[in-house]
Amino acid sequence: MSIDRETAAKVAKLARIRVTEDALPALAEEFNTILGFIEQLNEVDVEGIEPMTSVTPMRLKRREDVVTDGNQQAKILSNAPDAREGFFAVPKVVE
Amino acid sequence: MADLNTLTIAEARDALRKGDVTALELTEACLSQIEGAGALNAFVHHTPDIAREQARAADTRIKAGDAPAMCGIPLGIKDLFCTKGVPSQAASRILEGFKPEYESTVTQNLFDAGAIMLGKLNMDEFAMGSSNETSVYGNAVNPWRRGNDDAALTPGGSSGGSASAVAADLCLAATGTDTGGSIRQPAAFTGITGIKPTYGRCSRWGVVAFASSLDQAGPMTKSVRDAAIMLSAMCSHDPKDSTSADFPVPDFEAALTGDIKGKVIGIPKEYRMEGMPAEIEQLWADGTAMLKAAGAEIRDISLPHTKYALPAYYVIAPAEASSNLARYDGVRYGHRAKLAQGDGITEMYEKTRAEGFGHEVQRRVMVGTYVLSAGFYDAYYNRARRVRALIKRDFDQAFDAGVDAILTPATPSAAFGLGEMKDADPVQMYLNDVFTVTVNLAGLPGISVPAGIDTQGLPLGLQLIGRPWEEGDLLNTAYALETAAGFVAKPGKWW
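Residue numbers (UniProt numbering), protein chains in the order written: chain A, 1 to 95; chain B, 1 to 495.
Rather than coming from a laboratory, the hints here were simulated on the basis of the structure. Please read all numbers here as calculations on a predicted model, not as lab measurements. The reader is advised that the hints may include incorrect statements.
Below, computed lysine-lysine pairings styled on DSS-like, alpha-carbon distance capped at 27 Å [as the list claims (entries may be wrong)]:
| no. | chain 1 | residue 1 | chain 2 | residue 2 |
| --- | --- | --- | --- | --- |
| 1 | B | 351 | B | 99 |
| 2 | B | 338 | A | 75 |
| 3 | A | 61 | B | 240 |
| 4 | A | 92 | B | 351 |
| 5 | B | 84 | A | 75 |
| 6 | A | 75 | B | 99 |
| 7 | B | 240 | A | 75 |
| 8 | B | 338 | A | 13 |
| 9 | B | 351 | A | 13 |
| 10 | B | 63 | B | 18 |
| 11 | A | 10 | B | 351 |
| 12 | B | 338 | A | 10 |
| 13 | B | 269 | B | 292 |
| 14 | B | 392 | A | 61 |
| 15 | A | 92 | B | 338 |
| 16 | B | 240 | B | 99 |
From chain A, some residues computed to sit far from chain B (all C-beta separations above 12 Å) [stated by the list, open to error]:
| no. | residue |
| --- | --- |
| 17 | 25 |
| 18 | 65 |
| 19 | 67 |
| 20 | 85 |
The beta-carbon is built from N, C-alpha and C at its ideal position, and this holds for glycine as well.
Based on the provided sequences and hints, a complete structural model is requested.
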């Protein structure tokens, strides 16, 4: 499996990271190095082995479905790059 | 008494309780050392006011007579921990200016026990790196040098600032975190002790997430006893972390008897890597002999899937990172890129993340995105999780056969020069974690203990891997190894 610059551009797009056109060939090459290393996993016989979901055999805890927190609007907005009138502000989303 | 900043936690605790020293004196000693250690670039946010206030409170508590062991102990805190009202950036530009409105559970536990925060410590960006060279703050520097050569060496990573600060006696101990070796490798590179507990021992709440199924916090200290004391204070069951273990936290220090007679120590043949430096091989053999002399039974064992741990890790960790780091979108906190006329929300995301994430983080997020993308999920991600199950099974089988702990080298080399790996491909850097990453994949406790000095005068570490939840037993074996190795060397002060 080899990654070309089109695939690299597509991955960057999916990851929402802007990559300039001229940086794509080097990025594709790095992907190929890493994926080449990962290819070793194909040597392993994984027949009948379930993918690990939890490293310790423990059931996730449940709790009552009740509100335990809230009324912290000012705290939540305190780190926002742009907050107005009690909301996070972002560029126009809908055309 | 020795310079106060050079004390161990245990020494300081005893001196505090006897009234020979105050927490404020300890704190001032550390603060003045930090001030003079700019060249190490270990502390990146200084909190002297908080430290003095906490020290005064600790002194009051100690006088009252029932202070816990960590009361009055000045610590450095890795920048990955969210600390209320104090910059917590994970060494990333994307979290520039972020001041959490809350405290991580681990730091809260330490503060509840009376510990003191001197400041925040340098690290690799989002804990992704093995040399502290991916930090937005610039490189942290190892206080150790090769003989008289003044070339700057890496303190390792990702907890490079923590390792540098403890080794240089800028603080009594520090917090670290470990996703693939980020406590144990820097501990080995700087001649200190670092333990990653069993997955679930320390709450991950308030610790900036890298790879959630692998991340664990742990102490980085000047001795095994200190690691035991500090680990007891860091651990707790926490309902805010759904993977936090609901087990009582033992007094780990009480487990340090030094008696390991009859314990079975496994030596895994797969850790004998091709091209391993002779010095590392010798150190490993010496450590084996020390444990044998202390009364342990040495047994050759096999962990056949060891070779596949790193490739499995470099699927699973980036996959989880790509998901965890999706939250950095320029909306709720941290950096937002300046937008051009007509830019919409997608441009905001893309420009913000391109400016805010460094190169290594971008690369891992994109690798993670790729291995999780439609058509590859099964071939990469699911296969890696199946291999992970096999890696864990290897350990389970060794423990079921009666092995109590496993001895390996901590790293494949001593500390290397900053910039030396610049032209290497990313996989070369990843090989630093070859001996440590298996432990994260299997969720086990692992500890790095300084055990020797190489011909260039640099410290080398050995790793012990224990059974899940048996950190006390593991620390006791490490204590026996520490006693036998008698490592006392310190870096000469040049900074």
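Checklist entry - Which of the numbered hints are not met once you compare them with the structure shown? => result No numbers; nothing is violated.
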